Each structure stands twice: as structure tokens, then as C-alpha cells.
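There are 2 protein chains.
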Amino acid sequence: MRDYQMEINLTTARKQKPAFDQLQFGRHFTDHMFVMDYSTEKGWYDPRIIPYQPVTLEPSAMIFHYGQTVFEGLKAYLSKEGQVLLFRPKKNMERMNRSNVRLCMPPIDEAFALYALKQLLSIEKDWIPSYEGTSLYIRPFIISTEPFLGVAPSNSYRFMIILSPVGAYYKEGINPVKISVEQEFVRAVQGGTGNAKTAGNYAGSLKAQEVAGNAGYSQVLWLDGKEKKYIEEVGSMNVFFKINGEVITPVLNGSILDGVTRDSIIRLIEHWNIPFSERKISMEEIYQAHKEGILEEAFGTGTAAVISPIGEFYWQNEELKINNGETGELAKKLYDTLTGIQYGTHEDPFGWRVEVLEEALKI
Amino acid sequence: MRDYQMEINLTTARKQKPAFDQLQFGRHFTDHMFVMDYSTEKGWYDPRIIPYQPVTLEPSAMIFHYGQTVFEGLKAYLSKEGQVLLFRPKKNMERMNRSNVRLCMPPIDEAFALYALKQLLSIEKDWIPSYEGTSLYIRPFIISTEPFLGVAPSNSYRFMIILSPVGAYYKEGINPVKISVEQEFVRAVQGGTGNAKTAGNYAGSLKAQEVAGNAGYSQVLWLDGKEKKYIEEVGSMNVFFKINGEVITPVLNGSILDGVTRDSIIRLIEHWNIPFSERKISMEEIYQAHKEGILEEAFGTGTAAVISPIGEFYWQNEELKINNGETGELAKKLYDTLTGIQYGTHEDPFGWRVEVLEEALKI
Ligand SMILES: Cc1ncc(COP(=O)(O)O)c(C=O)c1O
Ligand SMILES: Cc1ncc(COP(=O)(O)O)c(C=O)c1O
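In order, the protein sequence lines correspond to chains B and V. Numbering follows my numbering, in which position 207 of the first sequence is assigned residue number 199; successive positions increment by one, without gaps. Numbering follows my numbering, in which position 341 of the second sequence is assigned residue number 333; successive positions increment by one, without gaps.
Possibly wrong hints are sitting among the right ones.
No copy is singled out in the list; a pair is fine if it fits within one copy or between any two copies.
As the list claims (entries may be wrong) - Using 20 Å as the maximum straight-line C-alpha spacing, the simulated SDA-like pairs for lysine to any residue come out as follows:
id: 1; residue 1: Lys7; residue 2: Pro139
id: 2; residue 1: Lys272; residue 2: Gln45
id: 3; residue 1: Lys221; residue 2: Trp36
id: 4; residue 1: Lys170; residue 2: Gly142
Don't read these hints as lab results, they were simulated from the structure. Computed from a predicted structure; not experimentally measured.
Turn these sequences into a full structure, and let the hints steer you where they fit.
So, in C-alpha cells, the structure goes:
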């Protein structure tokens, strides 16, 4: 870890906190934020924790025009004993750097970023809600800031971490959702940016979501961009199936995001000795499995919702109901185990929990 | 056109202008900008011309995270007689609205946007450089501004128009460039956002450009995302070929941007009775044509560079030199005709020029 000098400037006007038992997702932000700047000459410089405040940029700042940006999403959990817990946070910092490479952006010092996050969390501990299913959502992101119109990598960037106390991502909770299989729009294709966590992927996905939403579906199931045959993700989540006792998830092929939840589920499933494979899965295969009555479960996975069971697929004018539209046993077990590990109520066989210790705070 | 009340607030501190004979592209901005806001409740409101100034947004503003944004690019030209001329500006406003649809963003009133642009240009007339090849680059853009973390269309937006006096886009001028045919990365795929002018497309294109640049090429030739066989665009331009007397350009297939320059060239070529077709073109076909000695010309087309002749392609370890690495006759004729129409020195058979009249300014 590089030895940066971190400046900490605390607010004198703390905000009133929202009601922690009625939190929406992503609407409230804490009193402070982490900020660090980059220039081609200086590298990353001036790390600081400052009062949460607006960002001021030139109208020509490249982020507004050419979209060079990456982000991450993870959570801090409060245990019953009052510990502040993170879940595999290194994975997020590593992924952020993989996204940086794809977007021609400068790498961050992963260890320092994690240290800065812990410092910020120590200051904002009171903002971590403790109600069931609530947590403090952490959003690290980097934006390109150079005031220049021209398609080229920016020469300056800003790295920020903001925090948002959140309730459950889906108001429905872990209730199964109805999913439409997307036939027209494509989220990503090999050679594109699908395996990077970058803004453009999400902007491009809105239209399909809107069309599906108007037809009464929660999300879309994305098929591959080449043949529109193979399953990639569901909404902004990775996707798993259980067919005839075997758990299957699409193999990472360059257009799928390498989810931290996905990886954790794979490790749990292998730990439990449940048959598992990571491979190409066509929608036709899912259709056949459903017809034969062996499509036992389907669910999305991601940091925000953890597990989101799929109760029904709509594909080619047919409704494929799964497990009677109810949450499957495996989805429930994974949800309980993962959230148990995250909140510190379940043993942590893989050492995934990272406690944020008060001493981390050095002003 | 809706009857908006436009507020005009002129600066009291005009900037010093850069040397107009040494302009770079996209580095200097004029004294004023146009701004207009949108909210779901009010629609577009509060149009105003104000001193050029920074934009202040919440760190959670959706533009920073989910990339919902569109932009346009056109130019104002100063004729020898001192007229301010635009080139087919309606086309840009129409395309902006097509991009808005794809990105789930609210449509603008095209006629009002053009009116606002003309007002802004009347105020900034002194900023239009008059040296050969220079012009005032116009950048309309819309960003999503709602402070919310969640993948959904924003409920608020800001539409801005900024102006930048520019020299030639490529320092090389209309000199032929060396182009590498991209085999790994993909700009866009059908069902994606390739035919919208939105930030993510450009962010995703940087990596290929970087790799090609390091190998000594100016830009990449993009192939289709499905089979990596068919030619789509070159850099951020449309692409044309002349093979055995016939001009060919890839047909708009959903992943190619519908360029205003492209459309204008097609109309000129048809007007000149040059054989022309708009169709799928494979790189293999170009290779064969080159081998047979009938690949006469290749060039990119776009507002920034107008025409950018291609002197050489690099594909599968072979260098395909075109027209001896020199600017072709057709490229030269198109460049002269288009710039002649744009600057008012050439007759305007299609009525493409739009003069910005002083009376347009109503304060
Ligand atoms: C497109 C996409 N896929 C999958 C995921 C799941 O990743 P993770 O489990 O790391 O949250 C996310 C992010 O949350 C995502 O944005
Ligand atoms: C990706 C891309 N293709 C093509 C073009 C050419 O379009 P136009 O001729 O309207 O400038 C542009 C923009 O300038 C572009 O960004």
C-alpha cells in the first residue's frame, strides 16, 4: 500500500438520519465522503474524507460526453454485537481495477482504497442501520474530469466513495419475480464492456427494462448478443438455475459481470457437494427442462438483493412457471447462509467477513 | 415549437480568445452556454443563456453511475461575407431525439432547441474563427441529474449547449491515415446502443484505440459484434469505399450511427450519378478487392474531420495500401464540395445551409 497522507475534515452540521425502518434504496447519503484525485502528472493524489457535498465540474468534463467511468457496489453490515462487517471487499477493489483496465483508466491502490473505506466507515458508523435486511450500501466510483471534447482517455479523474443506508433492494423482499426473456435488446457482447462495471452498460439496459416493466415484468433475462440464444444475466444480476438436482450458471465469457455474490454462491454450492456446472446455457435448454418438469429453481444474485428468486419466465409467448411461483429451497438456503455470514450470525467457513475496527481511524 | 420564455443573462467578464490560427479541437469554450432543465413533473423548463460556468451535481447524480446521457456534434461556419452558417442542423436535433428514445430520456422540442442554438450563436458570433478549416464546434448534450442509486431512468435531466472554436480535428489535415482492423474489441452490436449518440459507446471504444495507437495506427476499423466479419465504422466516423468505380457504405443495421455527413455524401454521390450501394460489406471483400487492384479509395466521414482518407488497412498481418497511401480523387472532391457548401463558397443544391440571422436574437 502506498503511503498517502489522508486529510480528514469532519462536518460541523450532521444531517438528520432517515427512519431506518422505512429505508428505500439509494435515496439517502451519509455525512461524509471519500475523495481522491488523479492527474497524468501526479498520479493519484490528495486523498481526503470531507463533508458530503456536491461535485463541481466543467460542462466539458469528459464524463458528461464520453462516459469514461467505473463503479463498484458493496455493503457494510452491523452485527448484533455492534461490529461493522464487510463482505469480501477486496473482490470489489480488484474488480474495480479490472474495469479500470477495460476503460483505459488509471488503477487504484486496492489496499489503500480499502483502508480509506474503513476510515470512512469508522466515521459513519452511526449510519449503518440495524433492522433486518438493512445495511449501508457503499458506492466507490471514478469519473473522468478533464475538460476536453475529443474521444481519448481523460488525463484527470476523481475517485469517490459515498455511502447510503438502504433497506431491501426489491420492495417485494425475497419474493419471486416475473422475468421476461429479452429478444430485441442486448446488454453486452463479447469484445464490449459487459464484464466491466461501467455506466454505459446500465444506460443501455434501461429500454428493455422499460418495455418489460410496461408488460408487467420485474426484469429481463439477457441473452447473448451474437445469437440471442445463450443466457447471460438477469436485470443487473447474475443468474443460476437448478435443473434435475444440478446447479448451473452461465460461464464467464467476457460479456457477463463477474459477480462477488455469484462467486460466493459457487463456493458454497461446491462446499455443500451439490452437483454444479458453469457453462453455456441456452434458453431452449431451460424451456426443455421446464417442459420435462426438471427446472427446479431459478434465481438472480447480486450485492443489492443477495438472491432474487425467479417465479416465472416469459419466452416466445409462453409463461414458464417455476417451482409454482414460490421461492425454492436452495434459493432460501443460499439467502440465509449468505446474509448470515454477512451479518455475523452464521459461521464464516471461507473467511469472507472483514471487520472494520475502530482503531482503523487515524486522524 | 413550444412557447418557452427564454432568460438571457450576459457575462460581464468576457474571456480572452485563444489564437484562432492555432486552435486545437475541443479545448476552448465560449463566454456563454445554453441550459434547460427537466423534471418529470414540469417537463422541460427554465431555458436560459448564461455565462459559461461549471455544473454542480450531487455525487449520487445518475450520470456518474448509470450513464444515461446523449449528445450531438455540429458546427457553425463563418462565410467570407460574415454570415453565420449551420449545416443541416435539424438532422442533429432529430438524431438527438432518436438517441433520447433509446436511452429512455425525454424528447426535446427540436424547433426550440434550434432556436435556442441560434440565439446562443448570435451572442457568440465573435467566437467563430475564420481561418481555413476552422469553425465553431457545437455540443448539445443532456445528462441525467437525479440523485439516486438504482438502475432506472432518471426523473430529472439537464440539457446544455456549449461552443468551442476549433481547428482541424486531425492535425494531419486531410492526409490519409493508417487504420488497424479491430479483431478483439467491439464498438456495438445490434440490440445495443450503437445507433444512439451516447457516452458509453465512446468509453467502450477507447481500449481498441489505445492498442491500435500503440501499434502506430490512427484509428480502428470496427467490425460487427456478431461475426466480426462485416464493416461498421472507422474510429468515430462512418466509412465509405470505392471499388471498381462504385461507392459503397455499410447499410444502417442498428449498430451504426446514422451520420449527417454520411447522409450528405450519399446524396451528393447519387446527384453526381456515381454508382452507389448501401449494403453489408465484409472485410474479406475489401481484402479481395485490394488484391485484384480495384479498391480505389476508402475514407471515414464525420462532422469533426468531414472526410478522413484511409491510406492503409492493417488486417490479419497484412498491410493493404490504398491509392498509394494518397488522398483519392473522390475523397478530395467530396471534401471540397461539402466544406464549400458549409462555408458558403459552393452552391447549395439541396438547401442544406441554414443562416443564423441577427434578428434571431430576442432578448
Ligand atoms: C450487471 C451486473 N451483473 C451482476 C451483478 C452482481 O455482482 P455482485 O454480486 O458483485 O454484486 C451486478 C452488480 O451488482 C451487475 O451490475
Ligand atoms: C460513432 C460515430 N459514427 C459516425 C459519426 C459521424 O456522424 P456525423 O456525420 O453526423 O458527424 C459520429 C459523429 O460524429 C460518431 O460519433
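Hints the structure fails to honour: Numbers 2, 3, in rising order.
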